[in-house]
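**Student:** What follows is the residue order along each chain.
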Amino acid sequence: MRNFRVRATSSWALVVFLACSPTQAETYPVDDSRSQVLDSNVRMFWESLAPGRGRSSLVVGQTTVIVRLDVAPWEGRSGRIFMRLPARPEAPIEVRWTTRGPLQPGVLRSGERSTVFAGPITASLIEDTLVIRLTTDGDTLERDESLEFSFEIEVDQQ
Amino acid sequence: MRGRSRSPEHVASPGSGQPCGKQCRRRGVLLVVAAMLATPANAFVIDISAGNPFVLYLQVGTGSFSGLYSTGGTPLGNPTVNVVSVTVPSAALLTGADQRMTSDSTQAVSFYDGRVFCSPPEQVYIGGFFRRPGRPRFQSAVLSVDVPPALISPAGDTIPFSQIRWTSSSQEVVPDGTFVAGGTQRIADFYRNTWRESCLTFYYLNDPAAAGNYEGRVTYTLALP
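So the protein lines, in turn, are chains A and B. Residue 89 in numbering that gives the first Met the number 0 is what sits at position 90 of the first sequence, and the numbering runs on without skipping anything. Residue 217 in numbering that gives the first Met the number 0 is what sits at position 218 of the second sequence, and the numbering runs on without skipping anything.
What the hints contain is simulated information worked out from the structure, not anything from laboratory work. Quick caveat: nothing in here was measured; it's all calculated off a predicted structure. Incorrect hints may appear among the rest.
[What the hints assert, rightly or not] Facing chain B, from chain A, some residues (calculated, C-beta under 7 Å): (1) Arg33; (2) Asn40; (3) Leu57; (4) Val59; (5) Glu93; (6) Thr97; (7) Pro119; (8) Ala122; (9) Glu126; (10) Thr134; (11) Leu140; (12) Asp143; (13) Phe148.
[Stated by the list, open to error] A few chain B residues that face chain A, going by a derived Cβ cut-off under 8 Å, partial list only: (14) Ala42; (15) Phe43; (16) Ile47; (17) Gly71; (18) Arg130; (19) Gly133; (20) Asp145; (21) Pro147; (22) Asn192.
[To be verified] Simulated DEER-style distance windows between Cβ atoms: (23) B:Ser161 <-> A:Ser145: 50 to 60 Å; (24) B:Thr183 <-> A:Leu57: 32 to 42 Å; (25) B:Asp46 <-> A:Thr114: 43 to 53 Å; (26) A:Arg33 <-> B:Ser139: 24 to 34 Å; (27) A:Ser145 <-> B:Pro120: 17 to 27 Å.
Virtual Cβ for every residue (Gly too), placed ideally from N, Cα, C.
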């Protein structure tokens with residue numbers, strides 16, 4: 000019984016600490032379950048058919064993704080939306096993309112995140128078409144792999 | 000990771016600040032579980048695979064390339080079989096002095112970057128590469144040559160292929176050597192993902208032989224072990 004009381008006290012201390020951090024932007028995952036990958040099986044090809052002296056052996060692939068972000072919970076607020084790709088232990092994967100609509104073009108390396116949107120959220124859905132180019136070291140591409148992208152939002156304080 | 004993320008609903012449900020008993024703790028656990036279930040499936044997935052796992056290219060003598068490699072060119076096939084020959088002058092007969100051979104190949108330029116690399120007709124270009132993704136990183140392809148037992152004249156006389164040797168301008172790519180008559184001879188390793196090239200000069204060793212025109216064909220092969 001005594002131990003239980005100690006735990007409860009610690010929990011409330013944590014809540015108070017979180018509540019007292021007014022400058023900390025709040026981060027939430029963004030539902031992109033309505034996104035559609037037009038070709039989800041990307042075959043990676045040598046960037047150049049012949050190797051170069053002292054050059055790395057890069058392979059590249061490309062696909063198109065219709066990104067649909069459900070931002071209804073934050074409509075009317077401002078914030079920044081990031082695209083994230085988990086780290087790849089074998090070697091980094093570089094992701095470059097172009098856009099046609101409200102999202103920003105950019106570059107991202109696995110294990111990092113990159114901004115795709117910044118500003119006021121004026122609708123419940125953000126939709127755009129991303130043409131994605133993937134690049135990695137061919138020496139590390141031994142088997143088929145799945146790259147799981149995700150989005151998260153940092154909402155500005157009101 | 001998804002379950003640990005805080006949803007707006009979770010943040011909006013702090014406790015009342017009252018001392019917490021057993022019942023309160025149970026309620027807290029239920030709230031967390033509900034937040035995890037409400038977390039959206041937020042990942043689009045792209046599957047990647049090796050599209051062109053193996054590329055082999057070998058050029059001996061005359062070759063073809065679409066442009067240059069350094070400017071994005073692509074290797075092309077070329078069915079040419081070049082001839083390396085020598086006519087032994089009478090003054091050299093029975094001397095045993097090696098006779099330098101010449102080729103009908105005019106390939107002087109390296110398709111790697113377009114620079115003049117070999118000096119035909121004395122030198123024969125040889126080069127190539129192999130590529131594959133994955134490990135082991137330091138795998139090599141084997142450059143070998145199939146050698147018949149002998150060169151043969153129309154009269155049926157023979158000269159063993161071991162009467163021909165070569166020197167190489169790049170020893171680390173293709174070392175100097177002599178044909179081993181009647182077999183497959185391993186002459187070099189082409190390291191993975193590396194352009195390899197050299198210039199070969201052939202010599203006839205000029206041991207005594209019956210007069211005549213002798214011919215024979217060797218075939219170079221680049222293959223993965």
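**Student:** If a hint holds in the structure, say so; if it does not, say that too.
**Tutor:** Structure-based check of all given hints:
{"no.": "1", "hint": "Arg33", "verdict": "violated (10 Å)"}
{"no.": "2", "hint": "Asn40", "verdict": "holds (5 Å)"}
{"no.": "3", "hint": "Leu57", "verdict": "violated (10 Å)"}
{"no.": "4", "hint": "Val59", "verdict": "violated (9 Å)"}
{"no.": "5", "hint": "Glu93", "verdict": "violated (12 Å)"}
{"no.": "6", "hint": "Thr97", "verdict": "violated (16 Å)"}
{"no.": "7", "hint": "Pro119", "verdict": "violated (17 Å)"}
{"no.": "8", "hint": "Ala122", "verdict": "violated (17 Å)"}
{"no.": "9", "hint": "Glu126", "verdict": "violated (13 Å)"}
{"no.": "10", "hint": "Thr134", "verdict": "violated (11 Å)"}
{"no.": "11", "hint": "Leu140", "verdict": "holds (4 Å)"}
{"no.": "12", "hint": "Asp143", "verdict": "holds (4 Å)"}
{"no.": "13", "hint": "Phe148", "verdict": "holds (5 Å)"}
{"no.": "14", "hint": "Ala42", "verdict": "holds (4 Å)"}
{"no.": "15", "hint": "Phe43", "verdict": "holds (4 Å)"}
{"no.": "16", "hint": "Ile47", "verdict": "holds (5 Å)"}
{"no.": "17", "hint": "Gly71", "verdict": "holds (7 Å)"}
{"no.": "18", "hint": "Arg130", "verdict": "holds (6 Å)"}
{"no.": "19", "hint": "Gly133", "verdict": "holds (4 Å)"}
{"no.": "20", "hint": "Asp145", "verdict": "violated (25 Å)"}
{"no.": "21", "hint": "Pro147", "verdict": "violated (32 Å)"}
{"no.": "22", "hint": "Asn192", "verdict": "holds (4 Å)"}
{"no.": "23", "hint": "B:Ser161 <-> A:Ser145: 50 to 60 Å", "verdict": "holds (56 Å)"}
{"no.": "24", "hint": "B:Thr183 <-> A:Leu57: 32 to 42 Å", "verdict": "holds (35 Å)"}
{"no.": "25", "hint": "B:Asp46 <-> A:Thr114: 43 to 53 Å", "verdict": "violated (26 Å)"}
{"no.": "26", "hint": "A:Arg33 <-> B:Ser139: 24 to 34 Å", "verdict": "violated (49 Å)"}
{"no.": "27", "hint": "A:Ser145 <-> B:Pro120: 17 to 27 Å", "verdict": "violated (56 Å)"}
Hint violations for this structure: numbers 1, 3, 4, 5, 6, 7, 8, 9, 10, 20, 21, 25, 26, 27, all remaining hints satisfied.
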